[in-house]
Every structure is written in C-alpha cells, then in structure tokens.
Amino acid sequence: MSDTSLQGNQSLQGSRAFLGLVKRDLILAFRTPGQTLNPVAFYLMVASLFPLGIAPEKELLSQLAGGIVWIGALLAVLLSLDSLFRSDQEDGSLDQLLLSPHPLPLLVLAKISAHWLTTGVALIAMAPLLALMLHLPAQAFPALILSLLVGTPLMSLAGGIGAALTVRVQRGGILLTLLSLPLYIPVLIFGTGAVQTAVEGMSYSGHLLWMAALLMFGLCLAPLAIAASLRIVAD
Amino acid sequence: MNWTFFHKLGSPRWFYEISGKWLPWLAILAALLMAIGLIWGLMFTPPDYLQGNSYRIIFIHVPTAFLASAVYVMMACAGVVTLVWKMKLADMVLKCCAPIGASFCLMALVTGAIWGKPTWGTWWVWDARLTSMLILLFLYMGVIALRGAMRNTSTAAKACAILTLVGVINIPIIKFSVQWWNTLHQGATLKLTEKPSMAPEMLWPLLISIAAFYLFFTVVLILRLRTEILDRERRTKWVHKTVLAKLEN
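Chains as they are written, first to last, in this note's numbering: chain A, 3 to 237; chain B, 154 to 402.
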C-alpha cells in the first residue's frame with residue numbers, strides 16, 4: 003500500500019487492502035497454473051476411480067454420483083488447502099500480513115476468497131461434467147451445483163482454520179487432514195442430502211438453507227479463528 | 154465477591170497440594186459408587202420387557218457417552234480460560250482431558266456396537282448419533298495430534314484451545330441429532346425437564362453409575378494433572394522438595 007492510502011478513510015483503506023490481496027493471490031495463481039489445475043485434475047481422477055473400483059453399471063452409479071462428486075470436491079479442497087498459507091509463510095509475506103495495519107481477519111477473508119475463486123469455482127465448473135460421466139439424473143443437476151456453490155466456500159473457510167494452525171508444522175499436510183475433516187462432515191451430510199433429495203424428486207431447499215446458515219456462521223467466525231491461529235503460531 | 158479461590162486455582166502448586174488431599178476420598182467414593190451402580194445394574198435390575206438382558210450394557214454405554222461430550226465441553230471451557238486468562242492450569246486440563254475424553258468416546262462407540270448387534274442386528278449403522286460420535290472421536294484425535302506436532306508449549310496451548318473451540322460446534326449437533334434426524338438411535342432417555350421414561354428400578358442404578366463415571370473421570374483427570382504439573386514445573390524448588398520428600402519416605 004502506498005503512503006496516500008495510509009491517510010485515506012479507514013474503511014476504504016481496508017477494502018483496498020482486501021481487493022489488493024485478492025488480486026495478488028489471483029495473479030500468483032494464474033502465474034503458477036499447476037497449483038490451480040492440480041486439484042481439478044485430482045478431482046477428475048478421484049471421481050473416475052469410483053466406476054473402476056465399484057462397478058460401471060449405470061443404475062448403481064447414478065445413485066452414487068452425488069456422493070462421489072461431493073467427496074471428490076472435499077478431497078480436492080483439502081489437497082489445495084495445504085498451500086493456502088504455506089507459500090506465504092515460506093517467502094515471508096505471511097509475516098508482512100501479520101505486521102500490516104489492516105485488520106487481519108479482513109486480510110484472511112481476502113486470502114480465503116482468492117482460494118475459493120481459484121479452487122472452489124473450478125471444482126463447481128467441473129462438477130456437471132463429472133455428474134454426466136457418473137449418470138447423475140438430470141433433475142439433480144441444479145441441486146448439485148447449488149449445494150457446491152454454498153458448500154465449497156464453507157469448506158475453504160473451515161479448512162482455513164486447520165491450514166493456519168498447521169502452517170508452521172513440518173509436513174503439516176496429514177495433520178491438516180485430521181483437523182479439517184471433522185469440520186467438513188456436516189457440510190458433506192447436507193450437500194449430499196440435497197443432491198439425494200433432488201434425485202428422489204423432492205424439495206431440497208431445507209438442506210440448502212442449513213448450509214447457507216452454516217456459511218453465514220462460518221463467514222462471521224472463521225476469519226476471526228484463522229487470524230487468531232495465525233497470530234498464535236507466529237509467536 | 155472474593156476471587157482468591159479463582160486465582161489460587163491458577164496456581165499449579167496449590168492445586169497439586171489440595172488435590173493430593175482430595176484424591177484418596179474421591180477414589181474411594183468413585184470405586185464405591187461404581188461397584189454399587191454396576192453390581193445393582195448388571196445383577197439385580199429386572200430384565201427389559203423388550204430387550205431382555207442385553208439392555209444392561211446401558212449402565213456403561215450411557216455414562217461413557219455422556220462423559221465423551223461433557224469432557225469436550227469442559228475442554229472448550231478450559232480453552233476459553235487459556236485464551237482469556239492465560240492460566241497454565243487450564244491448558245494442563247485441556248491437555249489431560251483429551252486422551253480421557255477420546256477413550257470415553259471410543260468406549261461409547263464400542264459398547265454401542267455391542268448393544269446394536271442384538272437389538273438392531275448390526276454392529277454399525279450410519280445413523281446421525283453414531284456418526285456424530287465418530288466425528289467427536291476424530292475431533293479428540295485432532296486435538297491430541299496438534300498438541301503432538303507443536304514443540305513450543307505456549308503455542309501448542311493456544312492453538313489447541315482454538316481448535317477445541319472451533320470443534321465445539323459439533324456438540325449441539327450430537328446432542329440434537331436424535332431429534333433433528335429421525336434415525337435408528339433412540340431419543341434421550343434422561344431429560345432434566347421431564348419425568349424419566351424409565352422404570353425407577355432401572356433408573357436409579359443408571360444415575361448412580363453416571364455419577365460413578367463422573368467421579369472416575371475426576372480421579373483419572375487429577376492423576377494425569379498431577380503428573381503434568383510435576384513435569385511442567387520440574388525446574389521449580391517446590392517440585393524438587395516434594396519429589397525428594399516422596400523419595401525419602
């Protein structure tokens with residue numbers, strides 16, 4: 003941030019820092035496309051392992067499809083979370099974030115937003131293809147996309163807590179999995195529940211509303227928890 | 154109001170000395186209640202009209218399941234105290250509770266599986282209550298693993314406190330899972346606000362064994378805490394004195 007922005011209005015300054023950080027992370031992601039594409043490739047591969055591992059029959063797969071797509075998305079988000087703060091930690095920019103005059107929860111929210119824009123959105127874009135490959139009934143497509151739309155930011159937020167706690171732990175990836183998975187299970191239950199109810203032709207808005215409530219809860223509290231975790235492990 | 158007792162609680166030395174006095178009485182009371190509750194429950198209560206004798210595992214299953222979530226809530230409270238008042242003892246409680254809570258959780262799951270086999274005809278179902286208890290076990294394992302991964306004690310203390318507080322969101326999900334989802338697991342047997350649906354000759358031994366398991370937990374927690382206090386305060390004079398006095402006896 004330049005000197006002029008330091009004299010500016012406080013809230014304006016915060017929003018500029020927010021947008022600046024989102025932009026930086028997006029540019030970084032586009033310059034190293036591997037980091038963005040790897041989770042998506044992983045997603046495709048996990049989902050294609052299920053027909054090989056269980057059975058390629060159409061009826062069976064169309065029943066399992068919602069769950070497979072959801073579990074694939076969950077694992078792909080988990081895979082991408084390890085690098086959420088780690089590269090910043092390695093090149094020292096995480097310390098700069100901690101030292102910056104802007105509220106840390108806001109900066110954390112910017113990093114989470116950038117993470118969701120690079121992984122979550124890519125996963126959602128891939129989901130129809132996977133659903134088609136796995137013969138998900140057509141009436142469940144909107145439910146799948148909507149539930150992923152609400153669920154993937156929630157997974158980025160909840161997993162961010164684990165990523166922040168393990169950022170200074172050597173080989174923290176497996177620990178990150180252990181810390182984040184229990185927080186993902188409610189999302190998974192409601193997400194697959196929504197798809198399943200849609201397959202059965204019933205209204206799935208109840209599941210979506212539950213997930214939206216969880217997302218609001220996570221948006222309010224997770225940045226605070228992530229910011230506190232980052233400060234703690236920096237000591 | 155006089156707050157000295159609260160400040161005293163923060164002193165590991167004071168706790169070590171006072172808990173040494175409590176411990177034998179608590180241990181005797183726990184053993185006594187455990188014997189009464191379990192012998193009464195396992196041998197002298199009448200068999201259930203529906204389940205026969207297999208329901209008797211309730212006298213172990215319900216107390217351990219109670220404690221599994223109660224210990225987590227206690228850890229969350231200790232986490233708040235650690236973060237807000239930075240009491241060393243609160244973090245020791247958080248650390249010592251985790252393995253105990255995890256064992257209660259595992260025991261509740263195992264006894265539930267053993268009970269499920271004759272009544273539901275299966276060891277395990279993906280029912281809301283069972284699944285959320287399994288998540289609770291994962292939460293405990295996460296807290297233990299995070300502690301193990303961090304070398305610095307004070308960093309580990311605060312990190313574990315945050316993780317415990319985040320995980321506490323699952324406790325209401327477990328509590329209300331039997332009401333929110335219409336699943337195989339039966340609803341709550343004991344409610345504070347309503348008359349119990351159990352026959353009194355089954356209810357009393359159950360209440361006694363719940364009290365006994367709570368006391369058992371307290372005894373185990375104090376034993377672990379005392380070891381933890383000695384370990385963390387090993388460089389202080391009073392620990393040297395205490396240990397020397399023990400060795401001379």
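Incorrect hints may appear among the rest.
Claimed, not checked - According to the in silico footprint, chain A covers these stretches of chain B (three or more CB under 8 Å from chain A):
#	stretch
1	293 to 299
2	304 to 316
Unchecked claim - Label-pair restraints from in silico Cβ distances:
#	chain 1	residue 1	chain 2	residue 2	range
3	A	L101	B	T308	14 to 22 Å
4	B	L179	A	T34	54 to 62 Å
5	A	L211	B	A184	44 to 52 Å
6	B	V396	A	L221	28 to 36 Å
Just so you know, the hints here were simulated from the structure itself, not pulled from any lab data. The beta carbon of each residue, even a glycine, is placed where N, CA and C say it ideally should be.
Okay, the hints, checked on the actual structure:
1. 293 to 299: holds (count 4)
2. 304 to 316: Satisfied; 7 residues make the cut.
3. L101(A) / T308(B): 14 to 22 Å: holds, 18 Å
4. L179(B) / T34(A): 54 to 62 Å: At roughly 59 Å between Cβ atoms, T34(A) and L179(B) fall inside 54 to 62 Å, so the hint holds.
5. L211(A) / A184(B): 44 to 52 Å: holds, 50 Å
6. V396(B) / L221(A): 28 to 36 Å: Given about 51 Å between the Cβ atoms, the range is violated.
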